[in-house]
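Line by line, the protein sequences give chains A and B.
Quick note, this note's numbering runs 1339 ahead of the 1-based positions in the first sequence.
Quick note, this note's numbering runs 1339 ahead of the 1-based positions in the second sequence.
Since the hints were made in silico from the structure, they are not lab data.
Small disclaimer: the values here were computed from a predicted structure and weren't measured.
Treat the hints loosely; a few may be bogus.
Intra- or inter-copy, both count: the list cannot distinguish identical chains.
[As the list claims (entries may be wrong)] With a straight-line cut-off of 20 Å between C-alpha atoms, the simulated DMTMM-like cross-links for lysine to aspartate or glutamate are: (1) K1683 with D1850; (2) K1819 with D1743; (3) K1455 with D1855; (4) K1806 with D1497; (5) K1910 with D1925; (6) K1436 with D1409; (7) K1451 with D1855; (8) K1931 with E1820; (9) K1910 with D1743.
2 protein chains.
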Amino acid sequence: MRISKSLAVGVAIVVGVSHAQTFQRLGTCPTLGCVFPPDQTDFLAGQYFDIRLEVHAPINGSEANGKQPDEKFTFTIAKEKGKAEPATTYFSIAEPKLERWNFSWYEDLFAKEAGKPSIVNVTSKAYRRVALYEPGEYTATLTYNNGSTTKASWLVRDLQEVRKAKNIIMFIGDGMTTNMITAARLIAHKAINGRYQTKMQMDQFPILGHQMTHSIDSFITDSANSATALYTGHKSTVNCLGVYADSSKDPFDDPKVETIAEMFHRLTGGLVGIVSTAFIADATPAALTAHTRDRGQYGAVVDSFLHGITNYTWTNWTGPDVLFGGGAEQFYDPKLGGKTYLNKDYYSEFSKAGYQVLWNKTSLAKASNDSRALGIFTVSNMAKWLDRNVYKSNLNQSLSPSGDKTAALDQPGLKDMTLKAIDILAKRSGDKGFFLMSEAASIDKMMHVLDYDRALGELLELDDTIKATIAKLKSLNKFKETLIIVTADHGHGFDVMGSVDTKYLAAQNVDRKKRDAVGTYQNSGLSQYANTGNLTYSEGVHFPSNWDPRYTLFQGLMADPDRRENWSVHKDGPRVPAVNITPSADFYANPKDGAGGILLNGTLPVGDDQGVHSLTDVPVFAMGPCQELFGGVYNSIDIFFSMAECFGLARGKGHGQ
Amino acid sequence: MRISKSLAVGVAIVVGVSHAQTFQRLGTCPTLGCVFPPDQTDFLAGQYFDIRLEVHAPINGSEANGKQPDEKFTFTIAKEKGKAEPATTYFSIAEPKLERWNFSWYEDLFAKEAGKPSIVNVTSKAYRRVALYEPGEYTATLTYNNGSTTKASWLVRDLQEVRKAKNIIMFIGDGMTTNMITAARLIAHKAINGRYQTKMQMDQFPILGHQMTHSIDSFITDSANSATALYTGHKSTVNCLGVYADSSKDPFDDPKVETIAEMFHRLTGGLVGIVSTAFIADATPAALTAHTRDRGQYGAVVDSFLHGITNYTWTNWTGPDVLFGGGAEQFYDPKLGGKTYLNKDYYSEFSKAGYQVLWNKTSLAKASNDSRALGIFTVSNMAKWLDRNVYKSNLNQSLSPSGDKTAALDQPGLKDMTLKAIDILAKRSGDKGFFLMSEAASIDKMMHVLDYDRALGELLELDDTIKATIAKLKSLNKFKETLIIVTADHGHGFDVMGSVDTKYLAAQNVDRKKRDAVGTYQNSGLSQYANTGNLTYSEGVHFPSNWDPRYTLFQGLMADPDRRENWSVHKDGPRVPAVNITPSADFYANPKDGAGGILLNGTLPVGDDQGVHSLTDVPVFAMGPCQELFGGVYNSIDIFFSMAECFGLARGKGHGQ
């Protein structure tokens, strides 16, 4: 966390915006003149970025001032105490053309209810693909409306350019919190008299940190926004991938920032691998190469994996060496029902670019380590560990990655994908090294649907994957040159408060009586998931020996839709806690879910059918070169800067280069 | 976390106990022969402890075997592969007399509902005040019932005896989790574009760790149990202070373990300070000197502060040099309504022992640093920061520490007490150093009653106290010789999921419509507690500038009684979420609480009127000598061993000494 020396800038900006909360005109722009990147932005020396300027003229609402949006605004850059130069001079680029648009927003819920939006006219310019090289503080100044100014204090961090790690493997447990790690440990590792007999791999990391996930314009983040912070060092807005959110309607014209994957590849020629258990166009994998205001542009995201950004001059991107995950519907031919970018067959596109195309665990295992590989193993998100390993009949759905509507029965897990990715990257990268992001995506997805068992299963699979990764790196003699980071992108408000006697719960007929099944404090007893039977105490693979004990965890989220809670494993596949059973958009407890449980009214808006993200700082575990950079408490963006420092990616070539 | 080499011991013990969960015959004794300290116990070399042996003969229930409890059981100790010797020989002590008793328990909730307890006859012996000196593994073996054995694997940790810190200050935020720290930061520290402009003191600590709070016989702990783990290195049972729980009815005969305060004082002559915002006989302060199965023995706890344990030979304890907190009713004369040990006036008792007796902030400030001091500032728990500083009229209650039923208006805060404690300890300790425990008790107490604002206020006061402590130590030139640890004893399942438009909430008449007031993700917006007005960005004292903004935090616990939630500050004092409004013991939402909010049904048993503790690992922040011992993830007991190592308290004098 940096404390800016130019504090007055921030104070001036913040005053007067306290009225806008649930909705904001434009989150990072409380005044009528907007600069992106905004105040308090840090850059890696030499990192590409776009600049977007906007001048707002509210036509109605509390900010209306009767003015037209200024067409003659000016913009300057000054380093430290130096002279302020026009951006065109400073960056040696042509003056961009003036753009115009308008947008509307609601000032609060009453305005929304009354159907009274506020309309804003906008003038704007965008300076594309610039960079700052010399470390130090800069002031960017937008002057508009006859002398009003918006100043942004920018800092180019002064980082060493020496490379300390050859490879970085970044594990992201999507939505994973310390609370969930604690619960996963409880169900998979045996304790005797308060002592765990085996350790989670994460618990054995030498360095622990916490990262703050607060996004740029709201304190709760989504996975797009938070992935952008982790990969670029730039906080952003919900739904943004690798851009700051401007107010225009075009989802592809927002000001971009270069990602760790793009910089690493551009500057060192190092290889990039992307692995996720989500559909591969989902936010966490997408944010490594995509640049859009709208994370829902899945087809374009898949295209950007392969071709990078093509609508503006950007960086030289030639595709990751490994791309493994789900989401076949964004790849296969639209004739089969695919929903692809420009109606192309992306299996064919990747194949033409030299990729092996893999559709199942068997072909993954057999794939060559010499060629680039695309592995797409299912339609939608990949099957969960619990369904692949315990409740296997749930795999019988029409989700084949080929698009032929058969079942995707032979899906790999995160461990299979990650180990193969390392094999390929290690073989192909030679002296150049690699960056691999491996995401346990369904911790988040299963927490969203209140399916705690499946979420914890995914977390345990992540831990097992990390353990196997360390062994793999050692077997390849690459352990000492590889930094391993394990973190999350945000939390869910989850904890465990005791145990539930599910037999007693089911035997009661009245909700208030069912609550007696809950055991807290001394009545929580011991975990029945791992403490039954003659489990051995090996340091091997650890998952619960019994997912369906009589005494389950009294666990949950804190922000929920209406639901019926029986605190038992959902054997018939991922949970659906709430359903729309009225003509309205209202969700009620799913009558097919939580049999015998307690009917609980939710706290979230009734249009929500699942849980939401939470505020909490999330843990960071680090091991390897530069591990010392990841201890203590810091901002999410610091993870980008620490990874970039470890790779030696700063390029202080001097002004204008 | 230690992985025992003698694994078979643990496996043998655990099999067959999976039926007992909500209730257990005796948590640490799944077989019919019980050894305390039980299997998997670690000791500091030279630490005093008692041994309790029990043989159980269940008369009825699933374990009944028709036997009488064995009177001729034997007990041996063996070091490593050495010869097993009778305990009397090993410790050179006389054979204790045989004791007998019986107790009853319920096998599960159905048995409880049917009123069918299981009765157990017991024979027992206790060996008092022994110690193990030589580092290494020991096996303690109870042989009973003609050859059945219960083996306990004990380890005396091999720690250096070199003292590295002169002083240790241990801050305990009772019930404090990472999630709460994140929320407190949000309401008290201003953020601009996702960057906090100031830092919490905790966030600036160089070392971060997580401790697992799992207790010895249940996975959820209470504060007595967890404080025992932190202060003695021995996990225990809910409600236990400095003892393992045996099955006898006497709350004072359970096997004791020596605490860090007792060892530090006995071995080095160093001084001890105890500060808490709770009533001072509450679990967290009490566990430093009290030894009882029942944390509710408040009078005896107060006596033990002064006299130590007197019913058995124990350690030479002459009282702390500083004892500051609430709970006057356990001190003043029973004629005034006091509830004291043996009906004595404990102000008089402490005064006779040379203590200054202080009743308010004014006298605290004026107190001499040359004499020991007892400061008792109110009946019950001390006033909360929010009431002392913002809603002051709530102090008008009959809580004077004198017992005269006037109001306790002039109460100090945690900072006042802690700084004065340091002044006294620093002045009086000379070369001997001091150990100070300072507890922000009402983080927990306010989370229990779902009063999130007050809980976060207490957390911020703790942070402010830590900051002031560092400055104080520097001013006394004692900073470099002092280890500062900040941690918690357990969690509460709390998080923040967004914001609430309280104006919109109040304007709706239907619960399902009220839920639209909740803003998640991008609609969470920015904190309105700290981001309003011209707050300066100093590194000074940080509390919210506005506790009652229109847009509040959408925050809460995950295990609740029935309640009405309006997510607004409780201006008329600490919250009472549920009340008993029927002739039964059932609690319902308090009709006077949460006006205009959403009525929410709870999940806890309806006899509960407040929230409960949670499972989550809690954070540990360390700064100073030995700070490196506190990074990463470890067991709660490791905090005791690391503090003892830092003080050099291990005493490997050799066998039998």
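We went through each hint and held it up to the structure:
no. : hint             : verdict
1   : K1683 with D1850 : neither (54 Å within a copy, 48 Å between copies)
2   : K1819 with D1743 : neither (44 Å within a copy, 69 Å between copies)
3   : K1455 with D1855 : between (49 Å within a copy, 17 Å between copies)
4   : K1806 with D1497 : neither (35 Å within a copy, 29 Å between copies)
5   : K1910 with D1925 : neither (26 Å within a copy, 34 Å between copies)
6   : K1436 with D1409 : within (14 Å within a copy, 95 Å between copies)
7   : K1451 with D1855 : between (43 Å within a copy, 11 Å between copies)
8   : K1931 with E1820 : neither (51 Å within a copy, 62 Å between copies)
9   : K1910 with D1743 : neither (26 Å within a copy, 63 Å between copies)
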